[in-house]
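Trainee: Sequence:
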Amino acid sequence: FLVLGKVHSSRELPGYVVLFQEHSVETPHGILHVTLHGSRTTRRPAILTFHDVGLDSKSCFSTLFKFEEMQEIVKNFTLIHIDAPGQEEGAAPYPVGYDIVYINFMGLIFRTVIGIGVGAGAYILSKFTLANPDAVEGLVLVNIDTNARGWIDWAAQKLSSVTHSLTEQILSHLFSQEELSSNTDIVQSHRDRISKAPNLINIEQLWKTYNSRRDLNIDRSCTFKCPVMLVVGDQAPYEEAAVECNSKLDPTTTSFLKMADAGGLPQMTQPAKLTEAFKYFIQGMGYMASSCMTRLSRSRTTSLSSSYSMDGSRSRSRTLSQGSQGGQMPPSPSQTMEVSC
Numbered sequence: 001f002l003v004l005g006k007v008h009s010s011r012e013l014p015g016y017v018v019l020f021q022e023h024s025v026e027t028p029h030g031i032l033h034v035t036l037h038g039s040r041t042t043r044r045p046a047i048l049t050f051h052d053v054g055l056d057s058k059s060c061f062s063t064l065f066k067f068e069e070m071q072e073i074v075k076n077f078t079l080i081h082i083d084a085p086g087q088e089e090g091a092a093p094y095p096v097g098y099d100i101v102y103i104n105f106m107g108l109i110f111r112t113v114i115g116i117g118v119g120a121g122a123y124i125l126s127k128f129t130l131a132n133p134d135a136v137e138g139l140v141l142v143n144i145d146t147n148a149r150g151w152i153d154w155a156a157q158k159l160s161s162v163t164h165s166l167t168e169q170i171l172s173h174l175f176s177q178e179e180l181s182s183n184t185d186i187v188q189s190h191r192d193r194i195s196k197a198p199n200l201i202n203i204e205q206l207w208k209t210y211n212s213r214r215d216l217n218i219d220r221s222c223t224f225k226c227p228v229m230l231v232v233g234d235q236a237p238y239e240e241a242a243v244e245c246n247s248k249l250d251p252t253t254t255s256f257l258k259m260a261d262a263g264g265l266p267q268m269t270q271p272a273k274l275t276e277a278f279k280y281f282i283q284g285m286g287y288m289a290s291s292c293m294t295r296l297s298r299s300r301t302t303s304l305s306s307s308y309s310m311d312g313s314r315s316r317s318r319t320l321s322q323g324s325q326g327g328q329m330p331p332s333p334s335q336t337m338e339v340s341c
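Each residue of the sequence shown is one higher than the last, beginning at 1 in UniProt numbering.
Source of the hints: derived by calculation from the structure; they are not laboratory data.
All figures in this text were calculated on a predicted structure; none of them were measured in a lab.
Take these hints with a grain of salt, some might be off.
What the hints assert, rightly or not - Straight-line distance between alpha carbons at most 25 Å, and here's what the computed SDA-like set of lysine to any residue pairs gives:
(1) Lys196 - Thr63
(2) Lys225 - Lys248
(3) Lys58 - Asn217
(4) Lys127 - Arg193
(5) Lys75 - Trp207
(6) Lys66 - Thr269
(7) Lys196 - His173
(8) Lys66 - Ala92
(9) Lys196 - Leu166
(10) Lys208 - Pro251
(11) Lys58 - Arg193
(12) Lys196 - Ala272
(13) Lys248 - Asn217
(14) Lys248 - Ala148
(15) Lys208 - Tyr238
(16) Lys75 - Leu130
(17) Lys66 - His164
(18) Lys58 - Ser24
(19) Lys75 - Gly286
(20) Lys248 - Ala92
(21) Lys208 - Ser195
(22) Lys208 - Pro198
(23) Lys58 - Ser290
(24) Lys225 - Ala131
(25) Lys208 - His164
(26) Lys75 - Lys127
(27) Lys66 - Asp185
(28) Lys208 - Ala241
(29) Lys225 - Arg213
(30) Lys66 - Gly286
(31) Lys75 - Ala131
(32) Lys208 - Leu130
(33) Lys196 - Thr269
(34) Lys196 - Arg43
(35) Lys75 - Cys226
(36) Lys66 - Thr78
(37) Lys127 - Ser195
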């Protein structure tokens with residue numbers, strides 16, 4: 001139902017606020033595991049998520065979408081969580097050399113989507129959006145790197161593959177050096193999960209394919225046609241790449257959110273701040289304009305300067321007061337701002 005292909009199998013199970021439906025969708029490129037949450041009859045775009053290497057849709061996004069303040073958004077949009085081929089639990093080994101990165105989401109039963117991608121997922125959704133601009137109304141790209149790996153990066157990766165295990169390579173991709181050095185609980189939990197994963201060969205293929213990605217060649221003359229919110233943690237592995245991507249995008253439709261104390265996976269470590277930012281992002285697109293502020297926003301309103309913007313588009317204190325007044329729709333973006341939360 002989601003990609004050109006047929007539903008191979010499906011099941012329903014409880015989750016979040018309403019019922020989840022899990023589907024295995026047979027496509028010309030293999031079986032995709034898809035989790036659908038919510039009604040397919042809504043006229044709003046669906047929220048489509050794509051995870052990073054070493055993660056699946058559950059481990060990447062459950063913290064964010066189970067967060068209390070996110071439930072207002074969850075109730076108003078259909079969610080589509082996609083697992084890259086072979087990355088879901090219990091997946092059979094995929095053939096060596098299988099091209100996982102270049103997935104086509106054409107054949108959507110939804111007219112349009114709002115994409116949320118992390119790392120490799122951000123790259124995949126970016127590539128899809130550039131090829132199908134009418135299918136995507138908005139993009140939230142966490143830890144995006146639109147560039148191909150240079151020779152220095154390639155050589156460093158080759159050396160790392162010799163001196164470090166696959167698990168440690170992926171952890172260096174997911175987490176900041178500070179997190180790795182302190183061996184936080186989240187790092188250790190993902191180390192255990194990845195190293196013991198029964199589909200480790202599939203994870204390795206996705207890792208290799210992502211490292212051989214091509215440059216997306218984005219610049220001001222060839223860029224996304226939809227609003228974009230770039231998100232990266234302070235000191236995250238892809239902080240510089242996200243800053244560079246921000247410099248290439250249209251400042252009138254781009255938001256840049258740099259999150260302090262977020263580490264490499266801000267959707268896990270700072271779900272409150274990311275939920276707040278995402279709410280303003282979709283309000284700027286014209287959805288949920290009457291939504292009330294989150295408690296986080298209300299507690300910070302008096303201390304915020306009107307010169308800061310949560311989504312790079314509007315005066316933050318002005319937007320907050322509009323939301324608390326019963327929700328006039330925020331004005332359209334006018335510039336890109338960098339905000340450390």
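Trainee: Are lysine 75 and lysine 127 close enough, with their CA atoms no more than 25 Å apart?
Mentor: With Cα atoms ~28 Å apart, lysine 75 and lysine 127 exceed 25 Å; violated.
Trainee: For lysine 196 and histidine 173, compute the direct alpha-carbon distance and say whether it is at most 25 Å.
Mentor: Roughly 18 Å between the alpha carbons, so the hint for lysine 196 and histidine 173 holds.
Trainee: When you check the alpha-carbon spacing of lysine 196 and threonine 63, does it fall within 25 Å?
Mentor: Answer holds: lysine 196 to threonine 63 is near 21 Å, not above 25 Å.
Trainee: Between the alpha carbons of lysine 66 and alanine 92, is the straight-line distance 25 Å or under?
Mentor: 29 Å, violated
Trainee: Verify the proposed pairing of lysine 196 with arginine 43, using a straight-line Cα cut of 25 Å.
Mentor: Judged against 25 Å, a Cα distance of about 42 Å means the pair is violated.
Trainee: What's the verdict on lysine 248 and asparagine 217, does the C-alpha distance respect the 25 Å limit or exceed it?
Mentor: With Cα atoms ~10 Å apart, lysine 248 and asparagine 217 stay inside 25 Å; holds.
Trainee: Between the alpha carbons of lysine 66 and glycine 286, is the straight-line distance 25 Å or under?
Mentor: 24 Å, holds
Trainee: Can the restraint linking lysine 208 and proline 198 be considered satisfied, given a maximum Cα separation of 25 Å?
Mentor: Distance of about 18 Å is within 25 Å: holds.
Trainee: Quick one, are lysine 66 and aspartate 185 close enough, alpha carbons at most 25 Å?
Mentor: 20 Å, holds
Trainee: Just to be careful, I want the Cα atoms of lysine 208 and alanine 241 compared with a cutoff of 25 Å; is the pair within it?
Mentor: Roughly 19 Å between the alpha carbons, so the hint for lysine 208 and alanine 241 holds.
Trainee: Tell me if the straight-line CA distance from lysine 248 to alanine 92 falls inside 25 Å.
Mentor: 39 Å, violated
Trainee: Could you grab the alpha-carbon distance between lysine 75 and alanine 131 and see if it respects the 25 Å cut-off?
Mentor: 30 Å, violated
Comparing the model with each numbered hint stated earlier shows that hints 3, 4, 5, 8, 10, 12, 16, 17, 20, 23, 26, 31, 34 and 37 do not hold.
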